[in-house]
Amino acid sequence: MLNNIKLGQYLHGNSWYYRLDPRAKLIMSVLFIVTIFLATNWVTYLGATIFTLAIVLTSRVSLKFFFRSIKPIFFLMLLTFFMNLFFNKTGKSFSPIYIKINQIMAGTFAIILALLIILRLSKVIKKHISGKIFKFSTLLIIIMNLVLVYLFSFEQYTWSFKWIVYKNAVINGGFIVLRLVLIISFSSLLTFTTKPTDLTLAIEKVLGPLKLIKLPVSELALMISISLRFIPTLLEETQKILKAQTSRGADFTEGNLKDKVVQIISLLIPMFIISFRRAEDLANAMEARGYIPGKKRTSLKELKWQYRDSLYSFSFVVLTLFLIYYR
Amino acid sequence: MRNQKISDLVYLALFLTIIVVMSQVPWLGFIPLGFTTATIIHIPVIIAAIYFGKKMGVYTGFIFGGVSLLTAYLRPTNVFDLFFQNPIISILPRIAFGFVTVIIYNSLKFINFEYLRTSITAFLSTIMHTVLVIGTLILIYYNETKTFVNADKQTEEFTITFALIGLVVLSALGEAIASTLIVPPIISAIRAANKKEGNKDLFKD
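So the protein sequences, as listed, match chains Z and X.
Counting in the working numbering, the final residue of the first sequence is number 1635, and the numbers go up one at a time with none missing.
Counting in the working numbering, the final residue of the second sequence is number 196, and the numbers go up one at a time with none missing.
Chain Z with its partners taken away, still in its complex shape (with noise of 0.2 Å):
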């Protein structure tokens, strides 16, 4: 149940995307999170893209690994769309779609999804085997729908509704999708490329003026590498305490809330108490070793900023000043 478990997000390459500072990674992916929103009609949008894709190209990353980020807020951003189109009611509309809906299809489809549930609920049938039914009866139903009303133009028995979509409504949610999609691989691109402990590294030395107001930047930093050093482990540890109630005859793969909470009750307990006992004994060996929170401490790795790096700066002041001056 594990396996599928990703959290490192790193994959092994090498192009000037991988050789550049993180620092200038990190600040540039946050700036292009404000710098997008400056972006107000097409032409601003277009020039993101360009810039977006191009970068994107030319970090030598698979293409697939973004589908793969983006894809699971594929359904979060129909649903943006689809609200802008119902909410937004601004500019020249479009020609009414009327959307008609057949009394004998929706009863149908009631009378399948009551038994559904009905059946489920009674645990006759296993809940893949009716996610799958509803999906294909819910298909079907649709498309009985639209030939029923639509090619033989069945008007009996039919709810009739009138949809008019705006202009701007379809435009501004495209742009909406659009500013998701680009922000999203932008920021999985310095998560591909970056490895966690240069990241910390970077937030550290990025996050370093703040220092001077008395917030304690370093031990924020030295607390992020830890627990990058820790969630594989503990996550290894979960996966043997779960074979361990598994083994004691806990079943985690089906149950209603009362099992549920009785499952996550025997996974956490031993999580924290590991944790707890593990975190003794660190304390003890930072201690021990003689680590005063608040000094000035030195790292193995030195960061350097290089040419490449105020050049890929630059560049993002060119996307800023042409996004200023288009908008």
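Any given hint might turn out to be false.
[As the list claims (entries may be wrong)] Derived SDA-like pairs: lysine to any residue, alpha-carbon spacing no greater than 25 Å straight-line:
#, chain 1, residue 1, chain 2, residue 2
1, Z, K1397, X, L73
2, Z, K1431, X, P17
3, Z, K1522, X, P17
4, Z, K1612, Z, S1533
Keep in mind that the hints were calculated from the coordinates and are not lab data.
Following the hints, position chain X against chain Z.
This is chain X only, laid out in the frame that chain Z set:
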């Protein structure tokens, strides 16, 4: 005498690890409730607040907010993640949540039965978590949510508002019940392990 700062730092790092693992392992951090899911990633914050006190509660709340901010940017999955991209919504209410949990726990001193005290704290603080987050969301995005909040009856907006409120209340209740059941056993297990192994060398192998 142990250095309290080091121990706080290390415990925070381990809480961060637990929060990240819970948010990555789907069946550990989320309970499906039919139409919505109850998110129980806030449970480490409650545990830190009850077990360690105010300071750690606030810090763990901050960490929880930071993790949800990063998740909202790196892999958003639902509509709320779009709002959590704003640090004011993802981090501030969570810091307040850690603080509020400690206040609730301390004000329930009159309950002598520890198990009951922690479960009531877990229930109330989870409700407070939802109230704080949704409240901040409505305050910040007042113009966007105005149509939902002030929707007249018999319009399409009203139906959607009704459905949204139903979903939020359903998942909030699920979260509250789940954390009421989950938090007390963990706290008492940690305390029992602590007592058995002696306070001096805590959790030694």
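task: Tell me, in ascending order, the numbers of any earlier hints that this structure violates.
output: Result: hint 3 breaks, nothing else.
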